[in-house]
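*Asks:* As a plain string of letters, each chain reads:
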Amino acid sequence: MEQVISSIKVITHGQGFTDITYSVKKFITENNFANGILILNVLHTSCSLTLNENADPNVLYDLNKYIESIVPYKSYKDLNIQPQKVSYEHYQEGEDDMPAHIKTALTNNSLSLSFQNEKLIIGVWQAIYLWEHRSEKKERSVNIHVIGEKINRNYN
Amino acid sequence: MEQVISSIKVITHGQGFTDITYSVKKFITENNFANGILILNVLHTSCSLTLNENADPNVLYDLNKYIESIVPYKSYKDLNIQPQKVSYEHYQEGEDDMPAHIKTALTNNSLSLSFQNEKLIIGVWQAIYLWEHRSEKKERSVNIHVIGEKINRNYN
Amino acid sequence: MEQVISSIKVITHGQGFTDITYSVKKFITENNFANGILILNVLHTSCSLTLNENADPNVLYDLNKYIESIVPYKSYKDLNIQPQKVSYEHYQEGEDDMPAHIKTALTNNSLSLSFQNEKLIIGVWQAIYLWEHRSEKKERSVNIHVIGEKINRNYN
Chain A
48 MEQVISSIKV ITHGQGFTDI TYSVKKFITE NNFANGILIL NVLHTSCSLT LNENADPNVL
108 YDLNKYIESI VPYKSYKDLN IQPQKVSYEH YQEGEDDMPA HIKTALTNNS LSLSFQNEKL
168 IIGVWQAIYL WEHRSEKKER SVNIHVIGEK INRNYN
Chain B
48 MEQVISSIKV ITHGQGFTDI TYSVKKFITE NNFANGILIL NVLHTSCSLT LNENADPNVL
108 YDLNKYIESI VPYKSYKDLN IQPQKVSYEH YQEGEDDMPA HIKTALTNNS LSLSFQNEKL
168 IIGVWQAIYL WEHRSEKKER SVNIHVIGEK INRNYN
Chain C
48 MEQVISSIKV ITHGQGFTDI TYSVKKFITE NNFANGILIL NVLHTSCSLT LNENADPNVL
108 YDLNKYIESI VPYKSYKDLN IQPQKVSYEH YQEGEDDMPA HIKTALTNNS LSLSFQNEKL
168 IIGVWQAIYL WEHRSEKKER SVNIHVIGEK INRNYN
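Heads up: the sequence lines are chains A, B and C, in that order.
Per my numbering, numbering of the first sequence is gapless, rising by one per residue and ending at 203.
Per my numbering, numbering of the second sequence is gapless, rising by one per residue and ending at 203.
Per my numbering, numbering of the third sequence is gapless, rising by one per residue and ending at 203.
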């Protein structure tokens, strides 16, 4: 077993999804891994890592709209039966910041995946996304750590 | 350290939970693993993997009812203070499909677990569930990848 | 590659966050690991593990308030457009118990992390929290499993 650790940089431009599946697959093959596992971690508290549909872009549109609908900008008190227009206690970094922390808590920022015969094992309709929850341009860093067996070149 | 990769097939019949704990435990012992980690991934975007209570079936009933209550079939706009009856943009695969993608995003489809002395380390009240979010019968595939040390038969 | 398995005990006093980052870091260094991965699992179904902001305590306050707002004590039916005051089916273990199971399902109870050169790889603003969802004092157990390479003392 060997291990390689690196990071994937992602530039985001507001709420939405960036497909990082290709970068993950490339990391496996460039490092000559055959079989193993990989751990992905996004090193921020206002964006997520998620596995979801790779086919219809409306799925991603609806995911964004849905999470905005349950995590409002103003405050959690809006969700109560008698809504009150007040702000979050943590409002100093912008009205999109506390909602972004909440969206992160409701989704994932750590993913574990598997690969076999040099191929990432995900479903045919699955992609790995960085899901940005902040409004402004951001540079995001995803840590990638692979543990596995390298390709035996003698048999290739 | 050695690794074994396989998959667990699960037939589901509508929204609900299938306990796959036994299949996971059996995989560890059948492959003679003593100590290690395991990575589970469900290869679909409309069902989840989740660790939750294994005792009272009403917990599972309430989990289903709760997630249906916050992810309605019609649309996220129903959740607003002035609800509007409109549909999701992604509606072409059935009215249960987009809600299923959202429920997947709000829960988990990748789990990492640990085992020691041939025993899966989960709480006494925990079970590993495949949580189906679609209405119709489905065949689901859960990838299971173990890395660990095998039992040393010389000492057994 | 070597592995070490242990557990971290956490005493909680009602809903809220306990920062376990230091315990995780200490486990890596005390076991002389240089590079590897670690798997954390909380062995209970009514609390979570989550990575979120470590700076402003109001973020944690808002996270708690938010999740209470979408997972009410009475029942999921409160969230409907015409709310009905009824209870969960699973109510026998206290009015905070079923909400706690739901909050666990909406967040995480399994986390995978990475470390390199004896240092845990998390963002500068990230901490690892045990997020308690029950009201009363609890003793919680977090399983920690490290696989990696130990420090080569010959070169230190």
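Errors might be hidden in some of the hints.
Given that identical chains are not distinguished, each listed pair holds provided it fits within a single copy or across any two copies.
Below, computed lysine-lysine pairings styled on DSSO-like, alpha-carbon distance capped at 27 Å [to be verified]:
#1 K112 with K73
#2 K72 with K112
#3 K197 with K121
#4 K197 with K112
#5 K185 with K121
#6 K166 with K185
#7 K73 with K185
#8 K121 with K72
#9 K184 with K197
#10 K72 with K184
#11 K197 with K185
#12 K197 with K166
#13 K112 with K166
#14 K56 with K121
#15 K166 with K121
FYI, nobody ran anything at the bench for these hints, they're computed from the structure.
For clarity, every value in this text was computed on a predicted model and none was experimentally measured.
*Asks:* Which earlier hints can't be squared with this structure?
*Replies:* Per hint list: 1, 2, 3, 4, 8, 9, 11, 13, 14, 15 violated.
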